[in-house]
Amino acid sequence: MDKLGMLPKLAELANVFPKTVKKAPCQEVVLIGDQVDLSRLPVLKCWPADGGRFITLPMVCTVDPVTRITNVGMYRMQIFDGRTTGMHWHKHKDGARHYQHYEAAGKRMEAAVAIGGDPSIIYSSTAPLPPAIGEFIFAGFLRKKPLELVQCRTVDIRVPAEAEFVLEGFVDPNERRIEGPFGDHTGYYSEADDYPVFHVTAVTHRKDAIYPATLVGRPPQEDAYLGKATERIFLPLLQMVAPDILDMDMPIEGVFHNNVIVRIRKRYPGHGKKVINTIWGTGMLMLSKFVIVCDEDVNIHDYSEVTWKVMNHVDPQRDVVITDGPLDILDHSCPQTGFGGKMGIDATRKGPGEGFTRPWPDEIKMSPEIQMIVEQRWKEYGF
Numbered sequence: 277m278d279k280l281g282m283l284p285k286l287a288e289l290a291n292v293f294p295k296t297v298k299k300a301p302c303q304e305v306v307l308i309g310d311q312v313d314l315s316r317l318p319v320l321k322c323w324p325a326d327g328g329r330f331i332t333l334p335m336v337c338t339v340d341p342v343t344r345i346t347n348v349g350m351y352r353m354q355i356f357d358g359r360t361t362g363m364h365w366h367k368h369k370d371g372a373r374h375y376q377h378y379e380a381a382g383k384r385m386e387a388a389v390a391i392g393g394d395p396s397i398i399y400s401s402t403a404p405l406p407p408a409i410g411e412f413i414f415a416g417f418l419r420k421k422p423l424e425l426v427q428c429r430t431v432d433i434r435v436p437a438e439a440e441f442v443l444e445g446f447v448d449p450n451e452r453r454i455e456g457p458f459g460d461h462t463g464y465y466s467e468a469d470d471y472p473v474f475h476v477t478a479v480t481h482r483k484d485a486i487y488p489a490t491l492v493g494r495p496p497q498e499d500a501y502l503g504k505a506t507e508r509i510f511l512p513l514l515q516m517v518a519p520d521i522l523d524m525d526m527p528i529e530g531v532f533h534n535n536v537i538v539r540i541r542k543r544y545p546g547h548g549k550k551v552i553n554t555i556w557g558t559g560m561l562m563l564s565k566f567v568i569v570c571d572e573d574v575n576i577h578d579y580s581e582v583t584w585k586v587m588n589h590v591d592p593q594r595d596v597v598i599t600d601g602p603l604d605i606l607d608h609s610c611p612q613t614g615f616g617g618k619m620g621i622d623a624t625r626k627g628p629g630e631g632f633t634r635p636w637p638d639e640i641k642m643s644p645e646i647q648m649i650v651e652q653r654w655k656e657y658g659f
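The numbering of the sequence shown is our numbering, which starts it at 277 and goes up by one.
No lab work stands behind these hints: they were computed from the structure. Keep in mind it's a predicted model, so treat the numbers as computed, not measured. In this text, a Cβ means the ideal position worked out from N, Cα and C, and glycines have one as well. It is possible that part of the hints are untrue.
Claimed, not checked - SDA-like cross-link-like pairs, simulated, lysine to any residue; straight-line CA separation at most 25 Å:
| no. | residue 1 | residue 2 |
| --- | --- | --- |
| 1 | Lys-542 | Glu-630 |
| 2 | Lys-549 | Val-517 |
| 3 | Lys-369 | Pro-301 |
| 4 | Lys-367 | Asp-469 |
| 5 | Lys-369 | Thr-343 |
| 6 | Lys-550 | Gln-515 |
| 7 | Lys-550 | Pro-635 |
| 8 | Lys-504 | Ser-609 |
| 9 | Lys-565 | Lys-483 |
| 10 | Lys-369 | Arg-453 |
| 11 | Lys-483 | Gly-358 |
| 12 | Lys-298 | Pro-422 |
| 13 | Lys-367 | Glu-507 |
| 14 | Lys-550 | Pro-519 |
| 15 | Lys-321 | Ala-485 |
| 16 | Lys-483 | Arg-429 |
| 17 | Lys-367 | His-377 |
| 18 | Lys-618 | Val-597 |
| 19 | Lys-299 | Gly-309 |
| 20 | Lys-421 | Glu-440 |
| 21 | Lys-504 | Asn-553 |
| 22 | Lys-298 | Tyr-487 |
| 23 | Lys-618 | His-366 |
| 24 | Lys-618 | Asn-535 |
| 25 | Lys-504 | Ile-413 |
| 26 | Lys-504 | Val-586 |
| 27 | Lys-367 | Gly-493 |
| 28 | Lys-565 | Leu-511 |
| 29 | Lys-321 | Thr-462 |
| 30 | Lys-618 | Asn-575 |
As the list claims (entries may be wrong) - Here are the computed distance ranges between Cβ atoms for each label pair:
| no. | residue 1 | residue 2 | range |
| --- | --- | --- | --- |
| 31 | Gly-557 | Ile-409 | 12 to 22 Å |
| 32 | Asp-578 | Tyr-501 | 11 to 21 Å |
| 33 | Leu-320 | Lys-295 | 32 to 42 Å |
| 34 | Tyr-501 | Arg-373 | 25 to 35 Å |
Sequences are here, hints too, so could you generate the full structure?
Quick look at the structure:
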């Protein structure tokens, strides 16, 4: 029944499919071929040891060669010269999956990069959406009206019509260059490595275009607000897979993929561990390095309270799950890039069904009656 109650929200997506327009602000100025010069963009070098200047808010649009569905993802782009950039695709991302199809076929892959525009699509390009929901549709859902798209001039891709800039071009499957290092949102520099190269065939933009950028680094930075928005917006979707999860918190310090805390209404022995495995099996939550499960009465947004519960409820031999699996590419702690150890902590109360045969102690709490008396006589105490 809980899942059925969420269906009307998902049905709203049908009313916000994007629509294509013939004229768009993002094509008020069109530069093609030799007219392209990326050095004219005020692209930032954010940190001293960065390998160069990076576009930090690019919405990279690519098309699945099989389904023809467009994906929009945000992947940093290092400026190599006036006509080329890096394309920092991580292997877990849809853009990389599209590229792998073209790479296997030995074909060039068209791509378009929108910069700026409606905040709804900027956010949507960072969101871990289910496969059936595209970023353009989700942006329309957030803004409560369809997103307008326009056909690119040199590639067969549609892009947000309200963007400030659009870079059109292709990625050659046989070409890679060293990209990075880059001061990343983990607070550490990510290593330089080989990545595909994006060749720009056209730049279009508004007449008075404004170049948007963001700075990432040791949290919290600006991207923390995007992460917290994802936490709140996607809780209902997580609850469709795991309705026993009542709330979720992803600490900023865990850069939103290293730590997930949830609270549940525990109903049976092993319920906490079941939820741990559910999280590891759900979408991009598979990258979570630490998962903590608490009882329903815990304020999981109060990290002091969560720490108190973990320190007092958890027996390391009984309640800690150690395994290995996929991790975020930017996690420098794992022995192999993108793969390493994971820990799940069941911090719920335990009973006989989980081998706990002693009485579980009550928490120390003042009675409501005494609290009321103290509040009524507060002034008598000299406060």
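Which numbered hints does this structure break?
-> 3, 9
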